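Novice: What follows is each chain in one-letter form.
Protein chains: 2
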Amino acid sequence: MTIQPILIDGRWRPADAEDTFQAENPATCQPFPDRYPVSRWSDCEAALAAAEAAFREMRTMSGDRIASFLETFATEIEQRSEALVQMAHQETGLPESPRLANVELPRTTNQLRQAAVAAAEGSWAMPTIDTSAGIRACFEPLGPVCVFGPNNFPFAFGSISGGDFAAAIAAGNPVIAKANPSHPGTTLLFAQAADQARKASGLPSGTLALLYRTSHADGQRLVADPRTGATGYTGSRTAGLKLKAAADAAGKPIYLELSSVNPVVILPGAIRERADSLADEFTTSCLMGAGQFCTNPGLVAMLAGEATEAFIRSLCDRFAAAPVGTLLSRGVQSGLSASIRTLTEAGARVLVGGSEGGGSGYSFGNTLLRVDGQPFLDAAATMQTEAFGNASLLVVAEDLDQLCHVLDCLEGNLTGCIYSDTAGSDDAVYPRVAAALRPRVGRLLNDKMPTGVAVSPAMNHGGPYPATGHPGFTAVGIPASLRRFAMLASYDNVRPDRLPACLQDRNPNGTMWRCIDGCWTQHDVS
Amino acid sequence: MTIQPILIDGRWRPADAEDTFQAENPATCQPFPDRYPVSRWSDCEAALAAAEAAFREMRTMSGDRIASFLETFATEIEQRSEALVQMAHQETGLPESPRLANVELPRTTNQLRQAAVAAAEGSWAMPTIDTSAGIRACFEPLGPVCVFGPNNFPFAFGSISGGDFAAAIAAGNPVIAKANPSHPGTTLLFAQAADQARKASGLPSGTLALLYRTSHADGQRLVADPRTGATGYTGSRTAGLKLKAAADAAGKPIYLELSSVNPVVILPGAIRERADSLADEFTTSCLMGAGQFCTNPGLVAMLAGEATEAFIRSLCDRFAAAPVGTLLSRGVQSGLSASIRTLTEAGARVLVGGSEGGGSGYSFGNTLLRVDGQPFLDAAATMQTEAFGNASLLVVAEDLDQLCHVLDCLEGNLTGCIYSDTAGSDDAVYPRVAAALRPRVGRLLNDKMPTGVAVSPAMNHGGPYPATGHPGFTAVGIPASLRRFAMLASYDNVRPDRLPACLQDRNPNGTMWRCIDGCWTQHDVS
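Just so you know, the protein sequences line up as chains A and B, in that order. The numbering of the first sequence is this note's numbering, which starts it at 1 and goes up by one. The numbering of the second sequence is this note's numbering, which starts it at 1001 and goes up by one.
Isolated chain A, as found in the complex (with noise of 0.2 Å):
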């Protein structure tokens, strides 16, 4: 048996612990042999000291160098990306390919060398010189960032290797990172990788550390202790709000991402015109990964008809021939059944599916709810339980009145879609229904499914609470998602030697987009 060492300071060592745990093969429903450390406070308190140090110096490092730490990280891990693939695909039971290999790795490489850019050129920090006023301003990095990865993108939402992890990095902060404990041998060989590139780029050695798990109040501790500057989370609800109460408390920025129904209103038009292709979209986007995405369709809205009674028929039949995937973990199968119990309770109908089992090792049957608008509006809280996996709770409205106060009940969500004919027969309903939806959510989709979170500049991976806990940060995005992890730094007469490089006369490498005087320019200051 062995107890795999963390990374603290420069160093693989092993953990003060307080108890080990294995991961499982979610396929086969059998733990690995390797067990990880739970923790104790001191292996926190090691993290904390060395990110600190850490902090001190990489405040006075120009972002070249870090932007080269994150270059050689994302060679390291092409280097790495069999075992990766492999790692991730036994400990998630996600397909190797196309999923992990083909779409997850490279666009976790992609992620990291973007966020190399973001680094080295500077702008994210959104520098801002008043000439007359003798005021200049950007954003700083604000200290070592704890991040909590979820078990869902073992890559791409990594603690030691996706977006919160690259924005924190490229901010120029360390990084505490914390194993999701579904995956802690993927999160272990992505931390080997970042530890030889960082050794490599020259970065402290506390710039990075690994824990796989922590007590829950530890937890809260790390997340609110005057030495971290703020924290990035992805995951459970319940989890995500007991770290939130105590970051709040102690003043911490904490960016989260909770829970997401991911409303999909489908208007009459749309369906008349395109049922068959709607209904494989939507099969597509429901189903990939089991489900189990942060922007899965979980609720659709639609009017009452003909046309959408047998749009459900179409969906019911492509639920029941599609194949069950496997879940990624015991705790979201039995987690998925609470929420069908829960949603049942309501009032909710299974019109297929509904029960765990019909795949490999944990799985659920691909699952349809249906609840008629006046059911939805008299439990209107309930009925919006996220049911993570691949389920779906169809709301028929009975008309465009109710189907608005449908979208007026909901709470916050990342994204939310309109389909619409092409024709132009819902354009005279859409901004009724765009009106309700969009201060609802994050990204407003149009006749296109939310799955797809593209690394756009415009991207908002975000969204009111509960969706997150801060309306205005994306987790997805560069240069955006990079200012969750920095302060507004301003300088007040500062004598132009000491001002940081981005806020002297001169662009410090004539690409930086500064705003000078109201315009934003490449220029120096004249």
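Per the computed footprint, the stretches of chain B lying under chain A, defined by three or more beta-carbons under 8 Å from a beta-carbon of chain A, are:
| hint | stretch |
| --- | --- |
| 1 | 1245-1255 |
| 2 | 1487-1498 |
Derived CB-CB ranges, DEER-like:
| hint | chain 1 | residue 1 | chain 2 | residue 2 | range |
| --- | --- | --- | --- | --- | --- |
| 3 | A | S360 | B | H1523 | 52 to 58 Å |
| 4 | A | D524 | B | E1078 | 37 to 43 Å |
| 5 | B | A1239 | A | N102 | 53 to 59 Å |
| 6 | A | G358 | B | G1518 | 42 to 48 Å |
| 7 | B | A1217 | A | W12 | 50 to 56 Å |
Hints were generated in silico from the structure; no laboratory data involved. Only a predicted model underlies this, so the values are computations on that prediction, with no experimental measurement involved. Heads up, the beta-carbon is just placed ideally off N, CA and C, and yes, glycines get one too.
Place chain B on chain A using the hints.
Specialist: Coordinates of chain B only, in the frame set by chain A:
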């Protein structure tokens, strides 16, 4: 006895009052005859309902309409300047001239006009267009904003006239203003002017609401209400943290300005070079407005030595000789007394002042306290107790190491200043001092006192907790302050004619800055 009306949904009407209160003239300690209502929840409810309805309308409104309101409001204020100055002088004890009439009033109207320009121009929303991915994003208003104004700037930070108000409206949100109970009459005059301007510019009736007071419980309920978009609060740490807890638990953004001692480091070369002018500068900054500034220099750190002792003696002379100002209220006087007591009990020694009285009405002797480095470090948290008013704590460190330890112990502050000589003798130590101070303050100054807070795009009137609730935002400075009251809204594959004007291919006004495919430009999408 008149009970003043509240403003709800465009109507001046009696409050549903559970009690009434009177404001006091702090210079005479006599209450004014007018009574103001303490509202029950039903008034908050009515304000929220009206604001929610107004918001629906405002979401479709052009920035020009909002700009026209802000412009008209500035003019209405100027037309009532005499009444405003007189009322504020009576309610706050602040001098009519130059402070209220010649400094704060022009600053307030200037700020409203800058906000109008920002609303009309639209760059504040950072429209971001990714043509290849078909995704576009911008900041959009997020709903009714509750503004709790402070006691110390009845105009420039007033709840229906000041920076938070201007920013929230310019970003497109209705405002529910909660008057500061020490100057309700001034706030009422502003609300009348704002109401007039609202009618003239055709904004919806629910755009503005004015309440004077509520119970603490109702205040907490207000900031956490589902209809509330966000809250801006400037005031005491105790009251602010209660609102923060309520807003945080509901996932509602809240921007707070809580307290700050605004450390000033005076390096030895600066004292050698210009002790007299420094003493004048510090005395003026610390005693201006009886020291009742968020950015009052409340902690001065110096190195021990003969020159420092002589400098301290000259400060004491100036503090003893300076006239004693009137404090804003009985509460400020008793708060200042309590803070001085806390500091002396922790080991600080009173050099001058230290007791109530000495001026007209509520007042407190101009006060300097002193503590050496080690006793400061022994009680570092207590030694940072904000003494809001005409008082400052001088910390004399025995050497540079100890000085930096003192800085390392500082909580988050709005500002930090470093004075050094112009000949270069302090240059060797500057980097170390700046490195310690920089991450702890929102604005770093050189050779300048912190009390001037220019309305500049590069200003940061913010800082790490507990100066504010989030280190990424500023309460002063346009356009950045607007983005506090906004959500990130992404549009993915949304049909061109359904996009908001700022995200369509054509630049709506030719002056809006947008980031198109990574380049900031005022051009159309090509």
